[in-house]
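Generate the whole structure from the sequences, applying the supplied hints.
Quick mapping for you: the protein sequence lines, in order, are chains A and B. In the working numbering, each residue's number is its place in the first sequence (first place is 1) plus 75. To convert, note that position 185 of the second sequence is 184 in the working numbering; the numbers rise steadily by one, no gaps.
Everything labelled a hint here was simulated from the structure, so no lab data went into it. Take the hints with a grain of salt, since some may be wrong.
One-sided and incomplete, this derived list gives chain A residues near chain B with beta-carbon spacing under 7 Å [stated by the list, open to error]:
1. N124
2. L129
3. D130
4. A153
5. R156
6. R157
7. F162
8. N168
9. V172
10. A182
11. L185
In this text the structure is predicted, and so the values were computed from the model without any measurement. Beta carbons: idealized from backbone N, C-alpha and C, even for Gly.
The chain contents come next:
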Amino acid sequence: MISVDNVTKVYRSGSTEVAALRGVSLQVEDGSFLAIAGPSGSGKTTLLNLIGCLDTASSGEVIIGGVRVSDSNRKQLALFRRHHLGFIFQSFNLIPVLTAYENVSFALSLLIRDRTRVRDRTMAILADVGLADMADRRPGELSGGQQQRVAIARALVKGPDIVLADEPTANVDSETGEGLLELMRELNRRHSTTFLFSTHDGMVMDYADRLVTLQDGRITGDETRPAESQSAAAAGSG
Amino acid sequence: MASLSSRALTSAPAASGAASRGGGGNGKFLLRLAWRNLSRHRRRTVITTVALAVSVAVLIFMDSMLGGIDQESQRNLVWYETGSGRVVTHAQLEDLDQVALKHELVDYLPLSEALSARGIANTPRVGFVGELFFGEGSLPIRLIGIDPDTDEDVYRLRDSLLPDSSYLEAGIPGLILGSWTTDDLGLSLGDFVEVRTRTRHGAMQVLELELVGILLSPNPTINRGVGYLPLDVAQYDLEMEGVTEISLGALPSGLGRPIAVPTGAFLNREIERLNAELGARFPNAAAVGWPQLARDYLALMETKSSSNAMLLFLILLIAAVGISNTMLIAVYERIREFGMMRALGMDDAAIRATMVFEAGIIGLLGSMAGLVVGAAATFWLVNWGIDVSGLYGDVSIGYRVTGEFRGAWNPGTLATSVVFGVLASMAIALLPARRALRLDVVQCLRHE
Ligand SMILES: Nc1ncnc2c1ncn2[C@@H]1O[C@H](COP(=O)(O)OP(=O)(O)OP(=O)(O)O)[C@@H](O)[C@H]1O
Ligand SMILES: [Mg+2]
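Shown next, in the form of structure tokens:
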């Protein structure tokens, strides 16, 4: 359970202040597949960063699993992210000099020392994202969609409770994006991992089982969609 | 939400304690990542490595060269100017800078015998100053009366004579001059010159001497302003019975071979022992080691070696700037990647380690390459030497070296330059890494 309680976030740069979030409250159930939509600058990334323990709120509370994020220091937050959170970035952020396999296994080896376990789990997750036979390729030898699959594998390999994805499909074409969404939803269902992603893309929103709309730092819409309509949307756009 | 326990936020989870202690990534992985990172910009890596290699090679070579010059210079000082030491009167010992005839060692023959009996090569000399006249020209000159029979046991004047020269003979008023002096005055073999000086008792005296030999020695200080004449001629003309000094040659070491250029503790001990033994029989005489006879030279060498150290430091500084620049760029272009790694929970120490390892690998490759090249160049310098006679012409710059000299091995420099190359490179990487890690994770991720 993620609980965001009346959170504001103010960025100060010099004398100017930008209120990126103005009193946002949100409860997210475990296993959700939640999209945050909204125009550019509405605060989507800011909200994901707060939930992802990458940043702290100016006021209000972010509580994950009953624990206040603001009570933890930098080291504890890093440890928490390592064990419980997965990240998928818009621009993939793979390490170009490592193979797909190494990009994934390094995230797991932050937690697990046992080399055989690391290898088995890495190969299993690469198979899940459909890249088992490309494990030895470097990011430069993969398409954008394939690179993002590696990133998805990297986020999921340690079996996190929550995966945060900031515009995961923005850098790939819509067909590829749809494939990625299918994959993420499948993984969401299979592992009951909570997925939170931000997007501009209507197609992405259609996949979500809950759609939160942000505008100017405030939540202006919160829509839960029945499972049938999602399948219909997926079928319709596919 | 059982897995999101409060324990996870407030302390390291017990179940994965081992991994947490690892600081986010095992050393082998970090090392491999650092190694791979070198391939991101091959050219930059190669240029930085080569720059370091060149610096290390130049450092090793220069050090060998300077060490070689020092060694050679010291040897030439002893072989042509001072001997390994001298026996003089106590009064002369008080004022070593002012050689004076009044500080006369009268009983020099038994003294010399006593030294020979101890296995120490030695030769008597008389040192004085005068004015040399030839034609219209004249110049002040230091004159040394030498014993043609024994001088070669200590000094190497005879080896330095130019072709057609002859050596001095007892009783014949001949003169040997350095070639720079004869060039200055336009003198040639067979010319007669006049030397004006004062005798032991202060009376004016004029010596008429025939130029029998011209020498060109590896020690530039005796190539100009110094003349040699037979000891007995000098003694007669200066109204002396004795000499001003007995020069000492190689000192017996107990190791089978006498030591030609004794230094340090060994020299001090030998001189002390000599003084203790001579003291009883010759209360007037005192032995002194060559470093005390060459204090000006040693002071000069000290200044030179500190300016040489400065030069070597500058060479390393250039390499350091190169590495620093490379690591700065490498860190800067990877800030977003750092953000990703930190978001994934890798800790700062591990990220810093990748940069430090990367610089360390450049440091190791560069210094090893530099070591190989530098050692090869040093090997050549030690075994074949180089000729610097064209470099300074007939000007003395303080070093007692002209012509050819050889390098010296200095294992300390070889080891230090590699260790320093690696450690300094690693230290240099710390700065930009630390600066990048001062940004928070979000700033890193937003970095373009
Ligand atoms: N580090 C920062 N410093 C200053 N202002 C910031 C910073 N990060 C975000 N902002 C501002 O906060 C507001 C919200 O930004 P945010 O990145 O959360 O929007 P977004 O919804 O993710 O936009 P986009 O769709 O373009 O990614 C914007 O006005 C942005 O300019
Ligand atoms: Mg954004």
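| Proposed interface contact between A/N124 and chain B, which counts if any beta carbon pair is under 7 Å | holds, 5 Å
| message | Tell me if the interface restraint on A/L185 is satisfied: Cβ within less than 7 Å of some Cβ in chain B. | response | holds, 5 Å
| request: Report holds or violated for the interface hint on A/V172, using the least CB-CB distance to chain B and a cut-off of 7 Å. | output: holds, 4 Å
| message | Does A/A182 hold up as a contact with chain B if the rule is Cβ-Cβ below 7 Å? | response | Since chain B brings a Cβ to about 5 Å from A/A182, closer than 7 Å, the hint holds.
| field | Given hint A/D130 near chain B, where the shortest CB pair must fall under 7 Å | value | holds, 5 Å
| chain B contact restraint on A/A153 - CB to CB distance below 7 Å | holds, 5 Å
| task | Hold the hint about A/R156 up to the distance rule: shortest CB distance to chain B must be less than 7 Å. | result | holds, 4 Å
| task | With chain B as the partner, please determine if A/L129 meets the hint condition of a C-beta pair closer than 7 Å. | result | Since the shortest Cβ distance to chain B is 5 Å, the answer is holds.
| query | Is the hint on A/R157 kept, meaning its closest Cβ partner in chain B is under 7 Å away? | reply | It holds, given that the least Cβ distance between A/R157 and chain B is near 2 Å, below 7 Å.
| said: Quick check on the hint: A/N168 CB to chain B CB, less than 7 Å? | reply: Given a least distance of 4 Å, the restraint on A/N168 holds.
| field | Hinted contact A/F162 with chain B - closest CB pair below 7 Å | value | holds, 5 Å
The structure meets every hint from the earlier list without exception.
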